[in-house]
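Whenever a hint applies, use it, and build me the whole structure from the sequences.
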Amino acid sequence: MTPGELRAFCLSFNAVVEDFPFNPETSVFKVLGKTFALTALDARPLTVNLKCDPEDALRLRGEHEGLIVPGYHMNKRHWNTVAADGALPDRLLRELIEDSYDLVVAGLPRAERLRLDRR
88 MTPGELRAFC LSFNAVVEDF PFNPETSVFK VLGKTFALTA LDARPLTVNL
138 KCDPEDALRL RGEHEGLIVP GYHMNKRHWN TVAADGALPD RLLRELIEDS
188 YDLVVAGLPR AERLRLDRR
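Add 87 to the 1-based position in the sequence shown for the numbering used here, that's all there is to it.
Hints are computed from structural coordinates only; laboratory data are not their basis.
Among the hints, erroneous ones may be present.
As the list claims (entries may be wrong) - Each pair of labels, with its calculated beta carbon distance range:
#1 Asp-172 - Pro-111: 18 to 24 Å
#2 Pro-132 - Glu-182: 18 to 24 Å
#3 Phe-109 - Arg-197: 28 to 34 Å
#4 Asp-172 - Leu-145: 18 to 24 Å
#5 Pro-176 - Pro-111: 39 to 45 Å
#6 Asp-204 - Pro-111: 31 to 37 Å
#7 Pro-111 - Arg-197: 23 to 29 Å
#8 Glu-142 - Asp-204: 23 to 29 Å
#9 Asp-189 - Leu-145: 17 to 23 Å
#10 Pro-132 - Glu-105: 17 to 23 Å
#11 Asp-143 - Phe-107: 27 to 33 Å
Computed from a predicted model, the values in this text were never measured in an experiment.
Every residue, glycine too, gets a C-beta built ideally from N, C-alpha and C.
This is how it looks when you write it as structure tokens:
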């Protein structure tokens with residue numbers, strides 16, 4: 088996945104915005120103010136931090152050693168840093184991004200989730 092494809096895919100979800108709260112190089116993708124993906128799009132190798140169910144996070148790290156690791160500068164129980172430079176199949180990367188988005192949306196208050204459904 089190219090940096091442009093990664094950015095476009097993250098922005099394709101409902102109510103997502105790209106923010107730069109840390110520095111101009113670090114893209115933070117948020118849904119209704121809650122982060123679901125974080126990346127430096129100009130970094131080589133390209134990686135992305137994604138929220139993950141704790142049990143799935145451990146399983147994925149074991150299955151994809153060195154390509155999916157505990158989240159860099161994040162809560163290691165709930166976040167993974169994922170190689171986005173083609174080392175993993177794009178299909179898997181897209182699923183992980185979508186899962187991260189879905190986890191964040193599931194944690195939103197009911198009223199906000201209902202608002203998302205209407206968009």
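Going down the list of hints, with the structure as the test:
1. Asp-172 - Pro-111: 18 to 24 Å: holds, 21 Å
2. Pro-132 - Glu-182: 18 to 24 Å: Check passed, 20 Å falls within 18 to 24 Å.
3. Phe-109 - Arg-197: 28 to 34 Å: At roughly 30 Å between Cβ atoms, Arg-197 and Phe-109 fall inside 28 to 34 Å, so the hint holds.
4. Asp-172 - Leu-145: 18 to 24 Å: Because 23 Å falls inside the window, the suggested range holds.
5. Pro-176 - Pro-111: 39 to 45 Å: Given range 39 to 45 Å: violated, Cβ gap about 31 Å.
6. Asp-204 - Pro-111: 31 to 37 Å: holds, 33 Å
7. Pro-111 - Arg-197: 23 to 29 Å: violated, 35 Å
8. Glu-142 - Asp-204: 23 to 29 Å: holds, 27 Å
9. Asp-189 - Leu-145: 17 to 23 Å: At roughly 19 Å between Cβ atoms, Leu-145 and Asp-189 fall inside 17 to 23 Å, so the hint holds.
10. Pro-132 - Glu-105: 17 to 23 Å: holds, 21 Å
11. Asp-143 - Phe-107: 27 to 33 Å: With Cβ atoms ~29 Å apart, the hint holds.
Checked against the numbered hints given earlier, the structure breaks hints 5 and 7 and satisfies all the rest.
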